[in-house]
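S.K.: So the protein sequences, as listed, match chains F and R.
Be aware that the first sequence starts at 79, since it is given in the working numbering, and climbs by one per residue.
Be aware that the second sequence starts at 11, since it is given in the working numbering, and climbs by one per residue.
Please keep in mind that the hints were generated in silico from the structure rather than gathered at the bench.
Careful, some of the hints might be misleading.
[Claimed, not checked] Taking CB as the label site, the calculated pair distances span:
hint : chain 1 : residue 1 : chain 2 : residue 2 : range
1    : R       : Ala58     : F       : Ala288    : 55 to 63 Å
2    : R       : Thr90     : F       : Glu274    : 22 to 30 Å
3    : F       : Gly133    : R       : Pro181    : 30 to 38 Å
4    : F       : Ala127    : R       : Arg140    : 50 to 58 Å
5    : R       : Pro206    : F       : Ala127    : 21 to 29 Å
6    : F       : Asn174    : R       : Ser110    : 23 to 31 Å
7    : F       : Val175    : R       : Ala15     : 48 to 56 Å
8    : F       : Pro282    : R       : Ser239    : 40 to 48 Å
9    : R       : Ala58     : F       : Gly256    : 33 to 41 Å
10   : R       : Ser239    : F       : Val175    : 51 to 59 Å
11   : R       : Asp182    : F       : Val82     : 46 to 54 Å
Beta carbons are placed, not taken as given, at the ideal position from N, Cα and C, and that holds for glycine.
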Amino acid sequence: MAEVTFDYGGRVALVTGAGRGLGFATAKTLHQAGATVAVNDRTAESCQAVIARLGGGPRLIAAPADLATTDGPVQAVAQATANGRLDFLINNAAVNVERPIAATDDAHWDQHLSVILRASFLTVQAALPFLRSSRGCIVNIASELGLHAIANNVAYVSAKHGLIAMTKAMAIELAPSGIRANAICPGTMDTELMQECARDSGDPESYYAAFNRYHPIGRLATPDEVAAFVLCLLSPAAAYMTGAAVAIDGGSTAGRL
Amino acid sequence: MTEFAGKTILVTGSTRGIGAAAARLFLERGGSVILHGRRQADVDAAVARLSTTYSGRVRGLSADLSDRTACRALAASIETLDVLVNCGGIFHEAAIAETSPTLWDETVAVNLTAPWVLAQSLLPKLRASRGAIVNVASDAALLGYAGCVAYCASKGALVGLTRALATELTPDVRVLCVCPGPTETDMMRASISVAPDRDKARQQWASYTLLNRVASPVEIGEAILLAASPRASYLTGSLIMADGGATAGKRV
Ligand SMILES: NC(=O)c1ccc[n+]([C@@H]2O[C@H](COP(=O)([O-])OP(=O)(O)OC[C@H]3O[C@@H](n4cnc5c(N)ncnc54)[C@H](O)[C@@H]3O)[C@@H](O)[C@H]2O)c1
């Protein structure tokens with residue numbers, strides 16, 4: 079992958095759901111670019127594990143909180159802004175459990191809607207005073223499933239579509255304050271989650287092959303390349319972008335191969 | 011016209027506004043309609059109004075759409091169904107900073123979760139009739155508006171719900187989404203009535219559209235009937251933008 083470097087020295091970022099996958103890759107990449115990174119995940123242990131993996135030090139803040147709860151998002155932001163500053167908010171945390179309609183019970187529906195949609199609203203609300211003074215930037219991690227649907231994933235598809243609509247409303251409302259809000263819509267990424275699903279399928283090779291075919295580019299995305307794009311969106315190179323929902327999906331939503 | 015003769019249609023939120031207009035059109039075209047509203051008294055009044063002309067084809071049920079148990083009870087009391095129109099919805103203006111968790115939750119519960127719960131609960135009946143679901147979202151599902159973040163998010167999610175249901179229920183049940191632009195209903199009148207300059211507020215709504223006017227509820231009702239009609243047999247998973255062109259372009 080071509081190397082693009084950013085300098086985020088002096089900037090403070092909160093990445094939700096940074097325990098693994100894209101959230102971890104984004105926290106890592108931001109940290110490498112000099113930012114102070116607040117790492118959110120469900121548990122303190124998981125946040126500490128990420129901090130240890132990234133080498134520790136003063137530029138890493140643990141911000142554990144269960145974002146599915148009402149107070150969780152506020153707690154995450156409170157820990158991230160303990161030093162009175164926040165430049166970047168990356169709403170990445172999500173759950174994604176496939177279920178047919180008949181098996182989608184209230185707990186399943188609520189879990190997806192609260193982690194993906196409600197928490198992303200509440201973190202922005204709590205972070206607003208800080209983002210106003212830093213003229214900061216929000217990136218919501220949506221999904222290609224915020225742009226179109228697949229079967230057996232009704233709660234996730236609904237929540238991700240809502241996240242994109244929410245991003246646009248925020249972009250419009252916050253544009254006069256100099257705060258930008260964008261969404262990205264990744265296709266399938268080769269994260270731990272994918273590897274677990276592939277293993278559970280009993281036939282990892284054809285599991286991966288099917289997903290590779292689904293994306294016209296012929297492979298899955300790496301979390302690192304998607305994280306690199308998040309850093310682009312945070313940078314002055316994207317200073318004129320707000321309210322966008324950018325597909326980064328190997329052509330999946332562009333057409334049929 | 012008897013396009014909907016022999017069909018049973020549930021229209022949520024049909025004691026007034028767009029839902030009431032759609033319900034009347036379904037009745038005019040031969041359908042049997044189950045009216046729905048939050049308060050029993052409003053439902054009774056709406057049923058009484060329509061029964062004089064459409065006797066035997068109108069009944070009514072009340073349920074608070076923010077209450078899932080009530081939605082499920084409503085679904086259980088319906089025996090056969092051809093069309094579910096999820097039209098009930100709420101709109102409260104509030105800036106991001108002023109949107110309380112309660113307001114957020116109530117907006118999502120009524121505008122998104124109720125349509126989901128009703129669709130899920132009524133699915134066996136809709137499959138049996140090879141019926142249709144019509145969700146009434148908004149142009150705000152695709153266009154961000156300042157000062158109503160919860161509404162925009164809930165309506166955007168309703169578009170996702172439409173697509174997810176369509177994908178999974180094909181070919182048994184068609185699922186469509188009608189997205190009204192600014193429409194002259196109590197919902198809009200309430201928003202205009204609190205504006206400092208009402209004429210300006212009304213003109214502001216109109217200006218969002220290419221037609222430069224707000225819709226009448228009947229105009230949106232027609233789009234809902236098209237979606238529900240057998241004439242729309244090749245439409246599923248799609249958005250019918252009944253928005254006067256609001257999402258097509260901007261008047262500079
Ligand atoms: N993996 C993909 O193929 C893919 C595709 C499109 C979009 N996405 C999106 O990208 C983002 C990251 O996905 P991923 O593959 O890295 O997922 P992942 O499951 O590997 O990681 C998700 C992270 O969110 C955290 N999280 C979940 N619930 C939480 C809660 N209640 N409170 C706090 N943290 C919580 C988890 O602990 C985990 O660290 C998600 O928003 C996902 O929807 C992923």
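S.K.: None of the hints should be skipped; say for each whether it holds.
M.R.: For each hint, the structure was consulted:
Our hint of 55 to 63 Å for R/Ala58 and F/Ala288 holds, since their Cβ atoms are close to 57 Å apart. Checked against the given bound of 22 to 30 Å, the beta carbons of R/Thr90 and F/Glu274, roughly 43 Å apart, lie outside it. The hint said 30 to 38 Å for the Cβ distance between F/Gly133 and R/Pro181, and at roughly 55 Å that hint is violated. Judged by the Cβ atoms, the range 50 to 58 Å given for F/Ala127 and R/Arg140 holds: they are separated by roughly 52 Å.
For the pair R/Pro206 and F/Ala127, the supplied restraint of 21 to 29 Å is violated, since their beta-carbon distance comes to about 54 Å. The hint said 23 to 31 Å for the Cβ distance between F/Asn174 and R/Ser110, and at roughly 28 Å that hint holds. Taking 48 to 56 Å as the suggested C-beta distance range, the pair F/Val175 and R/Ala15 does not conform, at roughly 43 Å. Between F/Pro282 and R/Ser239 the beta carbons are some 47 Å apart, a value that agrees with the proposed interval 40 to 48 Å.
The hint said 33 to 41 Å for the Cβ distance between R/Ala58 and F/Gly256, and at roughly 55 Å that hint is violated. Against the hinted window of 51 to 59 Å, the Cβ-Cβ separation of R/Ser239 and F/Val175 comes to about 36 Å, which falls outside the hint. One distance hint, 46 to 54 Å for the beta-carbon pair R/Asp182 and F/Val82, holds here, with the actual separation near 49 Å.
When each numbered hint is compared with the structure, violations occur for hints 2, 3, 5, 7, 9 and 10.
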